[in-house]
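Order-wise, the sequence lines are chains A and B.
Under this note's numbering, the first residue of the first sequence is numbered 1, with each subsequent residue one higher.
Under this note's numbering, the first residue of the second sequence is numbered 1001, with each subsequent residue one higher.
Quick caveat, the hints were computed from the structure, so don't treat them as lab data.
Being a predicted model, the structure only gives us computed values, none of them experimental.
Cβ atoms here follow ideal geometry from the backbone N, Cα and C, with glycine treated the same way.
Any given hint might turn out to be false.
[As the list claims (entries may be wrong)] Partial list, derived from the structure: chain A residues whose beta carbon lies under 10 Å from chain B:
#1 56
#2 77
#3 79
#4 119
#5 121
#6 122
#7 124
#8 187
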Amino acid sequence: MRHTASLLLLAACSSSPPYPEFAGDPALPLEVELSIRDVSGGLTTLADGMRVPLIEAPQGGKTIFVAVRARNLYTGAVELMGLVRDGTVDGQDPILGLEKRPVDFALAADGWAYPVEPDQLSSYSNIALCPNYKSSRDIYEEAYQVTVEVEDRSGRRGGRALMVTPYCGVPAEEQSCRCQCAHGYHHGQCTVGPNRSAVLASEVWR
Amino acid sequence: MKRLAVAVLLAMASCSGEDPPEEFTDVHNDPANTTGVQFQTPVFEVAQGVESQDCYFFNMPDLNNGQDYWIDHVRLGSNPGSHHANVFRVKTIVALGTPEQGDFVDDGECFKSANWADWPLVVNNQNDTAEAGKGYFDWQLPSGVAYKFSPGERIMVQTHYVNASTQTTPYHGRVALDFYRSSLPNPIEMGTLFATQQSIRICRSNQTPTYHGSCAFNKGGVTIAAANGHFHSRGTKFEILKWDGVTAERPDTSSLFYTSTKWDDPPMTIYQDPGAMQVAEHGGVWWSCAYEWSEPLAEVGGCAALDAADKQQAGDCCYTFGPKVETSEHCNAFVYYYPKVDRTDITCF
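Just chain B, with the same shape it has in the complex:
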């Protein structure tokens, strides 16, 4: 087994909150994954009132004598308190340090959204249940479909833990990732589409805005395999629809394939009927994020904190785009599809 970054289990004399119950176990790598790739973060504390955003990096090992290889099963687990765990390929790097500086970045450049332009998504997990064994997104890809990786390919595991008002980390943080090697002789390549509507404002004077975005696949004839959406606590409804790529109207409800009304537990929907999930030539997805403004909590600084963070200085108590759960909002769509075309995943702003 290739262990790329064996977790350093820190002695946790004082964790984020209460002591875990006896039946609680941290998420961990799958001991049955003996031929694939494994990575897990250390166990780490998330102090009260803190949002912890970290990025861990590793290189994919050489599992195939220098040749590309395939992964057809992924398992991404998060201890409770995780806001999200995202795995990206890192194609180019900007101000992310040098090899001598290690494989870990706290906050900073790895959370700057502009960099997503060249960090194609691999897999994400928003599951943070404390129920034993349930904190994983465990996905056997559709039959005959697999991700392709190259030896040495740079991978980023982005973790975001919250121990504050809208979300809590009861024990401590950890993320564990398993990639399972495929034995398929000639699989169809899985691709990803990561789309984000970022120039958003949810303000006291306009409390229920809805923002829409669109993102087209580079070629037609693809099949959507899974999807999920991500926003914060002002989010009321996240929808993703199939879109023909030529009509400048929101598609009708027959095209709706994903809905989330729970910001803190959004579904990851896996589509079992490929025939119903095909996208036409020129097509893509249309997604929308609906919000309802709420008074920011005093413990995060109230409207004064939002106004201070507002680059436009509107003084309108606006939640703007950003990673902080308590004081900003997101509108991000994650879509998994096949076949990947022309060597690239898709990122839309």
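Just chain A, with the same shape it has in the complex:
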């Protein structure tokens, strides 16, 4: 399911941010719905078992970008924490990537709160998974657990965890992605040929 319509609704609100205000029902627990961004910027609602694209972030690293909408929380500044675990041991297995960031949320017409600047990568959880030094498996085509937790200014917290299977989401970067995201990656392991112009320094500068 695409969230584009909801995001457009939000755009109408964001010229005059209606926050802080409460989105939803204070008597209910904070509810979170996650979406995944693809390489063209489209959003797909995240479901258990879904394949999710690893994308070379502008800053480098192969990253999954997880979008959040939430309700039953105060809008305004919200803390997003996104992480990916190995997923084979419930709750206590190693975290392969984690980051936490503040994002401004505003109430949209559909009753959910969305990031005020929904198109910005900084409004997503940017969970960098590669280079991969930690996982005992390849990152791509293997199942991992992605979690996003939300906390508003009042301390209300909620989150969602789902099993996903990352894959190399940009065909032109397939080779470098599979190399950086492979089990046992180390610096200097990946060269991707003349089209991407990355070559081993030791081969050029003998």
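Given chain A's structure and the hints, the job is docking chain B onto it.
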């Protein structure tokens, strides 16, 4: 002594600012380093209003009959006005030219952060004091620990000088690097962890954000030897904590081992008690960067300049990730640890 790139001392008829006082001396290589590796840049001008970002390259010499060798003491010096000097190993290169094009790159590809994925850190220095003899990060590594290098290994010295509003270069720029050969028979290998939180925005509408990142070592049982953090003038507090690698919460303050509240003079902290700096299995570091937005100066273009540089075109006067001190921000952690495991240093985005 192996001099790989002997500095070409340019005649500086007109330098960046005032004439240096008599007691001032440029940073320079250590004449006592007779068996190791030396590199120094030319002396160069940094004009008023300029941020100068350059990369110099050299290959490690053959000091051991074609075999790997060890370095257990590093000395990296910068003339005043240096924003940073970073030394990386260059594993792969992307659009960095050919040997025929020389060993110098001005700006460009060498400052593109995506390339850090394959440029493991060796050493960095943020010290830029003008006090005579104090512009060096001079580090004898912990007892029994050394860096390993291979003959021919490609090294990049990245310099960044600023002569603008938030930072000035009073005289002229120069960086000097000494690697001292180790005589240890079988040292423990030093590794580095370079971690950067890059998708950041410090905006007029959200003026005091804090960003957090995490980075795990590939194996447990390592000891942190030194650390420092790097951000620009909107940065108010940089913290690095030991992290167990499994808990999705900021570690408590007992795990805090590095704090910087001075963006322009961040400490390089050397840890003397190895027993207190060990990291558990699965563990790593958690770091955070806190910022406070400030009105950009008119001479750098004010909010219009920031808005023009904002790829998202939010029109919110946002400082975003980038190397320019005046108009962008950083959130970079440099951590030195041992033993290096499985042939690799660590880079986290």
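Just pull the numbers of the violated hints for me, sorted ascending. none
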